[in-house]
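Residue numbers (numbering that gives the first Met the number 0), protein chains in the order written: chain A, 0 to 421; chain B, 0 to 421.
Each hint should be verified, as a subset may be incorrect.
Put simply, identical chains are the same to the list, so a pair is met inside one copy or across any two.
Stated by the list, open to error - With a straight-line cut-off of 35 angstroms between C-alpha atoms, the simulated DSBU-like cross-links for lysine-lysine are: (1) Lys23 to Lys113; (2) Lys315 to Lys337; (3) Lys19 to Lys335; (4) Lys54 to Lys19; (5) Lys329 to Lys23; (6) Lys285 to Lys329; (7) Lys54 to Lys27; (8) Lys27 to Lys329; (9) Lys113 to Lys19; (10) Lys329 to Lys19; (11) Lys113 to Lys54; (12) Lys352 to Lys335; (13) Lys337 to Lys54.
Keep in mind that the hints were calculated from the coordinates and are not lab data.
Protein chains: 2
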Amino acid sequence: MALIVHKYGGTSMGSTERIKNVAKRVAKWARAGHQMVVVPSAMSGETNRLLGLAKELASSKTDMSHDRELDMLASTGEQASSALLAIALQAEGVPSVSYAGWQVSVRTDSAFTKARIESIDDARVRADLAAGKVVVITGFQGVDDAGNITTLGRGGSDTSAVAIAAAMKAAECLIYTDVDGVYTTDPRVEPDARRLQTVSFEEMLEMASLGSKVLQIRSVEFAGKYKVPLRVLSSFTPWDIDINEEAKSGTLITFEEDENMEQAVVSGIAFNRDEAKISVLGVPDKPGIAYHILGAVADANIEVDVIIQNLSKDGKTDFSFTVNRNDYAKATDLLKAKVLPTLGAAEIVGDTKICKVSIVGIGMRSHVGVASKMFRVLSEEGINIQMISTSEIKTSVVIDEKYMELAVRALHKAFDLDQPTA
Amino acid sequence: MALIVHKYGGTSMGSTERIKNVAKRVAKWARAGHQMVVVPSAMSGETNRLLGLAKELASSKTDMSHDRELDMLASTGEQASSALLAIALQAEGVPSVSYAGWQVSVRTDSAFTKARIESIDDARVRADLAAGKVVVITGFQGVDDAGNITTLGRGGSDTSAVAIAAAMKAAECLIYTDVDGVYTTDPRVEPDARRLQTVSFEEMLEMASLGSKVLQIRSVEFAGKYKVPLRVLSSFTPWDIDINEEAKSGTLITFEEDENMEQAVVSGIAFNRDEAKISVLGVPDKPGIAYHILGAVADANIEVDVIIQNLSKDGKTDFSFTVNRNDYAKATDLLKAKVLPTLGAAEIVGDTKICKVSIVGIGMRSHVGVASKMFRVLSEEGINIQMISTSEIKTSVVIDEKYMELAVRALHKAFDLDQPTA
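All chains, full assembly: derive it from the sequences and hints.
Take a look at the structure:
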């Protein structure tokens, strides 16, 4: 008997028929003697429907008070799905209660639409578990110190689930989703992609941040920080499969270095076509430049990914970075309005037709020449590299987006990812 | 400059186009210098959609924990529409903020799905109004002492609006709906029905409780208790009509007896086909019978309307009352299980094919023979009366539901309600 957190994505909650299946699956775990906390997403399509209505009503200029209302609005999707799941569990004969983020309470900062969890007060949940109830907690949302509803941003339900698992010291957090695990790369791009039985947190962190889309990056950060064993598995297996078989399915994201992991040098190929490149040209090369440019961007709550500063020439330098494509217009407007005039830079240029492709692997730490092999493979395919960024366990390149599939397939093959490891 | 509460029904909030119209109307009032609090219902159809999903998931037996989840679920409809209205107001250039019931906070008891408001802490709302914001507050819902979301039952948004108006001592509470006021009877039944410019609270209370469906009865009780001037008016007049004209439209529900009211003896004919009749036959005629029977019904939170106890014969009596048709099965099951065995009564019989028709009027107080005129009119139409109930300002009869329209039309004509008052 252990405390287990289940998280179900929007597709798994997409209809009353599917919610019934989720209830039957959770009931199976509860009847096996586990204390169960369940974190559902909104029914698929619901968040988009709500935000679509908001878009029809909003004026072009958005501000904090608008974002606050978006969170009031969007948070209703998870509240509804959580209540529906509790009702379905009760119909299964399993006592159940649902809570919104503010009731638990999941405390966050006040960064509306992209808030961060600060603490979780789990007293109420523990009392319910002790009383034999399955507790359903809304994903995606929390409450700030002033009592405003906040949301964690898209995919935030994963983060909610892991944060709750961490706060409650759950034995495992199972993320049920519409894929059956983490693959060496996206099978839609490379049909020979293989499912990994285990992947390290560090690798997963790189995979998630680079767009594997299986898990939200912050949920992996949380899991790593608090050492929450995290499993990604399919919600489309029959609910009545043997619980021991189910408990071993999918991909386990491990935090123990010495576990029996697959020992390939490169574990996977990640890619991301949601980014855009921005360059500030002709920047006077003096101390504080990077802060001057990126500080303004960070203040606007825009996340920056790859950052490159070229060698200076004639006292001027070029500064490039990538942001999410959705933030591209906001970032360039901001730089033109605030940074160009005060910095004396020459020009802002950008490119939205780029993508980032990365090779990721713990094994890279102890193997030299992995990055150079990557560059050689791309070169052989005639693909020009625009930016390079490296870390201990990954190497990323920014290339023209039209070469993305070609690059992924060539690298997948070159690093033998289509071959089962012994 | 006054503090004004507007309440908009589900039809008025039924699409983004309509929400924009509501925003423009509220903005007009705000720009005229009023402090505005707005209470919207859920978008039309939304509450039914949500409860329909719950129905697909629920098992046949319902209990408190199920009702708690229904409130978690249903309350999302108003939260979403409130946020959307705040966004629309911001787009109109009017600073606005929305609050859920628990944020304000609207405290209720814990009678899930039919909770009663106990208090409202309006400090947060006053601060926002002072800062020049339009405050949007979800109708229909509140929070109990344990922090559970509660709802006030169908039509509860009217009650929320009036309770907020009372707590904040608003100058007037305007209920915008899809009818343009209170009529002498339902125009769908009697085409010659006329709109009343004013109606007394007492009359309105009788009209509402008898099914005029313009306002929820509890909202009228609240308004009467706290002397909140209440106006029912149409949300389908163009939003840009002159504000002084709008402020005088619809029907004003007054609490001042000496106001210049229409002096007809009978103000309106109300009717209700949502009731069912239950009779407990062969009850031993001893003290405590009424409490024994109705106490059990009240404990199950079932509201009872007309109550009749016949003269006893041979130490036995018959006891009849009416309940909402939705509660009919629950009430009869309850009586059979709990009351029949302990009371030694003979039988429970019921009839769901009844209706109640009432004549209502402050003028009845000072006029004799009004009730007997009603009975004569029904008799002339060949309509048998099953139950009679009277108060100072109304006389109600329960009849076979197939005679309802006939009874309403005959009474409307007999009491000259189709003639304008001088």
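Here's how the hints hold up against the structure:
| no. | hint | in the structure |
| --- | --- | --- |
| 1 | Lys23 to Lys113 | both (33 angstroms within a copy, 30 angstroms between copies) |
| 2 | Lys315 to Lys337 | within (19 angstroms within a copy, 90 angstroms between copies) |
| 3 | Lys19 to Lys335 | between (52 angstroms within a copy, 34 angstroms between copies) |
| 4 | Lys54 to Lys19 | both (32 angstroms within a copy, 12 angstroms between copies) |
| 5 | Lys329 to Lys23 | between (45 angstroms within a copy, 29 angstroms between copies) |
| 6 | Lys285 to Lys329 | within (26 angstroms within a copy, 80 angstroms between copies) |
| 7 | Lys54 to Lys27 | between (41 angstroms within a copy, 23 angstroms between copies) |
| 8 | Lys27 to Lys329 | between (48 angstroms within a copy, 32 angstroms between copies) |
| 9 | Lys113 to Lys19 | both (31 angstroms within a copy, 27 angstroms between copies) |
| 10 | Lys329 to Lys19 | between (42 angstroms within a copy, 27 angstroms between copies) |
| 11 | Lys113 to Lys54 | both (18 angstroms within a copy, 34 angstroms between copies) |
| 12 | Lys352 to Lys335 | within (21 angstroms within a copy, 74 angstroms between copies) |
| 13 | Lys337 to Lys54 | within (27 angstroms within a copy, 55 angstroms between copies) |
Against the hints set out earlier in the document, no violation occurs for any number.
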